[in-house]
Structures are given as C-alpha cells and as structure tokens.
Amino acid sequence: MKLILSALSLVLLFAGSPAFSAAAQDDVLELRYENRKFIPQTLNVPANKAFKIKIVNASKEAIEFESYKVNREKVVGPGETVTVNIPALKPGSYDFYDDFHRDVPEGTIVAK
Amino acid sequence: MNTRRSFLLFALVFLSYAHPAMAQLDPWEFEVYGYQTVPRGMLEVESLNSVVLNGSRHGEKGTSKGTVPSQSIWRTSLEITYGLTDRIEAAMYVNLAKPRGDDLQYAGSKWRLRGRLFDQGELPVDIGWYFELAYKRTPKYDDQKLELELRPILQRDIGDFSFIVSPKFEKILVGSEEKEGWEFGYVSGIYYRWMRALSPGVEFYGAIGMMKHPDPTRDQQHYIFPVVHGEYRGIEYSLGPGFGLTHGSDRTLFKFNVGLEKYIGAIFGPSNNPLF
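Chains R and W are the protein sequences, given in the same order. Heads up: the first sequence runs through residues 1 to 112, numbered per our numbering. Heads up: the second sequence runs through residues 1001 to 1276, numbered per our numbering.
There could be a bad hint or two in this list.
[Claimed, not checked] Distance condition first, Cα-Cα at most 27 Å in a straight line; then the derived DSS-like pairs of lysine-lysine:
#  : chain 1 : residue 1 : chain 2 : residue 2
1  : W       : Lys1171   : W       : Lys1212
2  : W       : Lys1262   : W       : Lys1212
3  : W       : Lys1061   : R       : Lys69
4  : R       : Lys52     : R       : Lys112
5  : W       : Lys1262   : R       : Lys60
6  : R       : Lys90     : R       : Lys54
7  : W       : Lys1179   : W       : Lys1098
8  : R       : Lys54     : W       : Lys1262
9  : W       : Lys1212   : W       : Lys1179
10 : R       : Lys37     : W       : Lys1171
11 : W       : Lys1179   : W       : Lys1140
12 : W       : Lys1145   : W       : Lys1061
Please keep in mind that the hints were generated in silico from the structure rather than gathered at the bench.
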C-alpha cells in the first residue's frame, strides 16, 4: 500500500516537471459551437504531434464534444469554454460530434 | 505495452504467495472502470448482471461469500451515477440476487465516489481514484456488514488500444473480520477501439485474499472475460463469458451490463483544478 501511494506521489510530483507537461506547450486550435454547428467543420493538424482544442460553446444549450476514435468526451455548458488534450495522431481523418445532439453535422480532424 | 508487462509481473508476484484466508471479489460488479468519469451533469443508469453457468453447489466457494451456493445464481446490480464535476462522479448501487429455485432477493447496497486527476493525456499515464463503501445486512450472501474499498486507476492509451490497471484494496469496517487487515484484488482490462457500436476487449478480475497472508494460489480467484462492448442508439453495453483460472474460482460465468446516459444539468462549472 505504502509502495503504491509513494509511486502515485512521485507521478504527481513529476507531473509538473517540463518533461511531463509537454502537452501544455502544444498548439491550441479553437473550435466554436453555435447555431447548431461546429465552426470550423474541419480541423487540419500536423500528424504525429499532440495538440489541444479550445472548445467555445457560444450556444444556449449544453453540448458534449466527443470523438470515439480519439477517445475524448467533454461536456461544455452554454457559454462555457473548455480545453481538451488530443494525442499525437497518425495521418488520417477522425470524426467528432456533439453527442447530445446527433443531428448536428459531424466535424473532422484531419491529420497530415 | 510496458503497462501490460508491468501488470503481468505484478500479478505473478502476488500469485506466488501462499497462506490460508478468504479471497474477496465483487461478483455484482464485473465492470472495469477506466480513467473517464461520467461527464459533468450526466445521469447514468446501469444494470450490471452476471450468471454463474458452472459454479459451486456449496456456499463460500467460488464467487459465493455466504451460505448461498454460486451455481446458477443470477446477480444483478442497479447502479445510478451522476457526474458531479468534470473529474468526480457519485454513484449508488442496489444489489439483488436470484439463487437457483428461489426469488429475487436484496443482497446489499453500495455508495461510491470516483474521480480522475489532471486532464486526459496530460500525464504519460492517466490516473483516477475510486472510493467505495458497501453495506450488507444479508449474511447469506456476505457475512461482513460494512466494507471499504479503495482503488487507484491507471490508464494508458496506445493508438486504438486502452490498457487499464486497477489494484483493489479492501478493508472490513464492521463484521467478524473487522480486525483483519487489508485484502487485495484487481480489476483490469485491455480494449481495442474498433467501432463505436462494437469493440472487443479482455477483462481480468481477481482476488488473492489478505495482503499480509494471501490465499494459496489454487484457492485464489482469477477470472478472464473476453468481452464485446459499445454503444448503440444511446444504450451502452458490455457482455461476454468469464472463465475461472484457478480451483477456487467458479468455472464459467456470463456478464451482461447495459447502461443509459442522460444529461440532466450540471451543478458546477468546468473544472480548472487538476484534482477536482
């Protein structure tokens, strides 16, 4: 038990170190949600490089940004802004959607 | 892959110990919790089910912790979970059991808080935690009355694969074994993201008994469940057969869990703190 707690403490301690906070220095792309659509609909990103998406929900309804293939989901309340870490992606297309409103057109992350 | 190797090494070290005691495993909950919590403001209702297809005809054997034998028992747990914040969820469970030739009966209740630290992908391994209290006044199913369970949750995503390792630490707070120490078990899984509606995985559940005096290897319980899981028309599911790997385990089980999520409104705003 002590061993595991010590290991966890070490992980948390090193979490703030430069080597562990590479994600903090990644590119940030902005994605807006308003009038029941994502703007822009396509996010072009370099392949094999982690990045962040700043999601701005400019609508009056809560949304859930979700991408099954990228394994990310995040609720964004009306008027809220949240940031999601996206791992380095292999070249390809990765769809994302508002899981609360499946009739909203899906967006795509294109990594190349 | 390193996570997988570490898990196997960890399991082998514990399997090598040998002293008599009673291994514990929660047969009402064959579910692996990863790093992700139920999203903020979401209510999830789940039905967790398992049937022992080939178990023991005697109590206190296999997955039975009381006098009711495990053979042909259907265990079902109703779980309601709410996403309190982006990082913490609260849940309560009602456990029911239907032994062979008997009616559906109450078998205990549980309350749980589960959380995650930092944002997903911020650390090399995503870290979560699990705190549970189980209350039982049903000695035929479990003769201990109040039990505490703590788990760290470690998840690492590599490409389309997710590796989840979650060691379990349990302590009887009220009951005949309240003076005993901590028990150890594990809940782990490897999943492949294929399609949202259908994806394969392998789950591992086990209990070795007391940390200081693990059960003899043959009396410990270790199970492997090849599963399929996914979401179809808003209904999440996970199902598959389970196979006991030791003499002390039930031989064959089948699990089938279904859940439904609905956004009902958030109490708190976005989490800006890495801890909650």
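To see whether the hints hold, each was checked on the structure:
The suggested pairing of lysine 1171 of chain W with lysine 1212 of chain W holds, with an alpha-carbon distance near 13 Å, which does not exceed 27 Å. Of the supplied pair hints, the one linking lysine 1262 of chain W and lysine 1212 of chain W is violated, its CA atoms being roughly 43 Å apart against a limit of 27 Å. Pair hint lysine 1061 of chain W plus lysine 69 of chain R does not hold up; C-alpha atoms about 42 Å apart against a cutoff of 27 Å. Restraint check for lysine 52 of chain R and lysine 112 of chain R: the C-alpha separation of about 16 Å stays at or below 27 Å, so the hint holds.
A C-alpha spacing of about 18 Å is found between lysine 1262 of chain W and lysine 60 of chain R, which places the hinted pair at or below 27 Å, so the restraint holds. Only pairs whose Cα atoms come within 27 Å are accepted, and lysine 90 of chain R paired with lysine 54 of chain R is accepted, the gap being roughly 21 Å. For the proposed pair lysine 1179 of chain W and lysine 1098 of chain W, the alpha carbon gap of about 31 Å is over 27 Å, so the pair is violated. Taken as a hint, the lysine 54 of chain R and lysine 1262 of chain W pair is honoured in the structure, with Cα atoms around 24 Å apart against an allowance of 27 Å.
About 13 Å separates the Cα atoms of lysine 1212 of chain W and lysine 1179 of chain W, which keeps this hinted pair within 27 Å; it holds. Restraint check for lysine 37 of chain R and lysine 1171 of chain W: the C-alpha separation of about 50 Å exceeds 27 Å, so the hint is violated. Between lysine 1179 of chain W and lysine 1140 of chain W the alpha-carbon distance is near 21 Å, which keeps this suggested pair within the 27 Å criterion. Annotation: proposed proximity of lysine 1145 of chain W to lysine 1061 of chain W holds, straight-line Cα distance about 19 Å (limit 27 Å).
Against the hints set out earlier in the document, violations occur for numbers 2, 3, 7 and 10.
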